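Number of protein chains: 2
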Amino acid sequence: MIYEQNINYCLAKSIGSGGLDSSELSYLLEKLDPEFERLKKSYLSDNLPILTLPEVDDLSELSHIATVWRKKFDKVIILGAGGSSLGGKTLCALNQDEYGTAPGAPRIYFFENVDPFGFDRAMSSLDLSRTSLIVISKSGNTAETLVQLLCCISAWRAAGFKDLSESFLAICGPGNNILRRICLRENIQILDHDPLIGGRYSVLSKVGMLPALIAGLDCTKLRRGASEILNPILQGAKPSEFGPAIGAAISVGLSRNNGISQSVMMPYIDRLMVFSKWYRQLWAESLGKKGLGTTPIDALGVVDQHSQLQLYLDGPRDKMFTILMLDQKGVGMQIDPSPADAVELNYVVGRTMGDLINAEQRATAQTLIDSGLPTRIISFKELDEKTLGGLLMFFMLETILAASLLRIDPFDQPAVARGKLLTQRYLADFELL
Amino acid sequence: MIYEQNINYCLAKSIGSGGLDSSELSYLLEKLDPEFERLKKSYLSDNLPILTLPEVDDLSELSHIATVWRKKFDKVIILGAGGSSLGGKTLCALNQDEYGTAPGAPRIYFFENVDPFGFDRAMSSLDLSRTSLIVISKSGNTAETLVQLLCCISAWRAAGFKDLSESFLAICGPGNNILRRICLRENIQILDHDPLIGGRYSVLSKVGMLPALIAGLDCTKLRRGASEILNPILQGAKPSEFGPAIGAAISVGLSRNNGISQSVMMPYIDRLMVFSKWYRQLWAESLGKKGLGTTPIDALGVVDQHSQLQLYLDGPRDKMFTILMLDQKGVGMQIDPSPADAVELNYVVGRTMGDLINAEQRATAQTLIDSGLPTRIISFKELDEKTLGGLLMFFMLETILAASLLRIDPFDQPAVARGKLLTQRYLADFELL
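Those protein sequences? They're chains A and B, same order as listed. Under my numbering, think of the first position of the first sequence as 1, with each following residue one higher. Under my numbering, think of the first position of the second sequence as 1001, with each following residue one higher.
One or more hints might be untrue.
[Claimed, not checked] Per the computed footprint, the stretches of chain A lying under chain B, defined by three or more beta-carbons under 8 Å from a beta-carbon of chain B, are:
no.	region
1	62-76
2	275-287
3	291-300
4	314-325
5	355-368
No wet-lab data here; the hints were simulated from the structure. Note that this is a predicted model, so its numbers are computed, not measured. Ideal placement from N, C-alpha and C gives every residue a C-beta, glycine not left out.
Work the whole structure out from these sequences, hints included.
Pasting the structure below:
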């Protein structure tokens, strides 16, 4: 078992009026029966690629590129926005942070913004002869990503590099799009982005796998973790036995019946901080339609105990909480109390830093529960590729199932087109600015 | 003028039923009259130190420490949680990012979590002979900060350093607290944290100033920017003429009358990303009491256009937006369209990256407004220390004034004590875990 999900403290029988009635939960779970049938059929007919992605045979080709790049380059830039960035970034966070990378791995930077100050500082800090670049855009027409690429091409040219085919690579959808035309002209290798996979569901595709392989992750294990979460659906499990379905029903039920408008995702571990950002896009873009959906909020324990907990406990009762707990008992430095010599610190004598964070995550969950706030606990024994792959699949399925209950299409994002058009108009007609 | 605040698009007369009635705005602003009198009196009697902080004469002492440290050290670790970290981190973000620091400045790391994995990786990446440490806790009893410190002392000791007085420094409140006792015993210099200044209001005190000076910021300009925002209150301005009062009345009014439960802070510039996190604590901890307050949400343009905008535009209409716009027209690399050769990209021909982000921020604001969502625009011509100091004071005053309208104490955080007690109990009685 990759994880355990405990939803008891989201129910009225445990926490009182802030919780969901068990009968409502059962009702919603039953409504998911036909969706389970649809998912099984989609898997068999292969028309919903995120279900079959864990089994795609593309890792050897990608590994080959990754192996070469790991030798040739110290830094890798990933250009992309939203779904083209957050999946890979989430995976890479398992093997790199601001203090270092896993042995042998280049440092991977994700350029997500078009802030000229940050861009200039980044470019001037890099030795371009030891830096490579992956540009990702499913549509191939994302303005910010194209502008980033044009500026990077200029920077490489200005530094004297004529042949970009050695150090640039693109992932984009097929057909006639701008990114593809630029790459063909510049002799940049292109990998095809499956047009049936939306950006925010692309983490297990090459969009996430290539950065992860460069960062040194075991992508077979990642996908195995994802498979393990999905399998019960394919093997005929009922919604009431399936974690992501239970989570979806709890979320939708609490939103509909208990005034819950916000969903706080709070892992207790630095390596999952970007995971919360990935979840934030997944949930927001998939469900925020027709006035429906709840607002996902990313938090990090123990940091946000010192920033947000006051609001969570004593502000409006409009949030549900998902605490992601890693068991770290006994892990890390032992706390040497001798410099402290303080009676008040007796409780940490001989403990480790892992003991402390272990106690903190449980104390926070208990405090939320004692206040009658709906709190789901997802706990796991270790955080490796398998766990992370499982968590990613868990929340993709939960999101798709929640959309089914809301009768919403989880794969489109109709409302953002207007902003893109306006940006173009403002740029084109500069006098209006 | 440091900034311009435009609140027209928060009002019903501009955006329809999602906006606040002008009469309600006037009513709330009038209710702030007595609070303005109180603030003036507090300033004159010096019993609310954040008002007089911009004039405190402590920068020369702090500059002396900073000058020595900038020469002796390549890295500086700051230990602290919440208010002990977010202020300094917000300031330092003006002069450092993941790609580098301002010339001559050490890299400053903020250790906020007690995740053993991250802590170990950080410690093993550092050359301790070139690394110094500032530990900050107002109470002097924050468990996580004390454990971080004990582990750092062990690490320095293990690396052969006997005398910590050269490279460690503490900021903590007066009186008999654990941190002070450790420092006295270890011969670590202590600077006093003013007991009247709460953590989340401490950014302009030495808690923020010392890291900022080490990072190379002009702290006189920072405080001058703060003064400039505060001055109109001291000079007898009315609430209806005062930006932070108008902002407070809009927020409280929209929450009370228009179902707004969330406040999205969205700067369009990387250097203000941490500012949004600082705001998040300030607003959440100050107002999230007695079932009141709204949930602050940090977002970053253009990144979150590709992650959250779908929800903002088409999900529940429960958010107000504050867009922080920096004018970057003409700034940054010019976009060379020759590799593109795409008719569809004609609109960026000859533009700069700054032009693009300029158009994006305005396009997003316009899109929100066109959807009838309450949108406040705060714009400024440049982002330097003066602007940042002004923004910090603006939002501290807005928060205090909003608390006044809600009849809440903006300076306490009564609900978090229980979680702290539980953590201790869990650690003390480990069998229960």
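Verification of the hints:
1. 62-76: violated (count 0)
2. 275-287: holds (count 6)
3. 291-300: Coverage by chain B holds for the region 291-300 of chain A (7 residues, Cβ < 8 Å).
4. 314-325: It holds: at least three residues are needed, and the region 314-325 of chain A offers 6 whose Cβ sits within less than 8 Å of chain B.
5. 355-368: holds (count 11)
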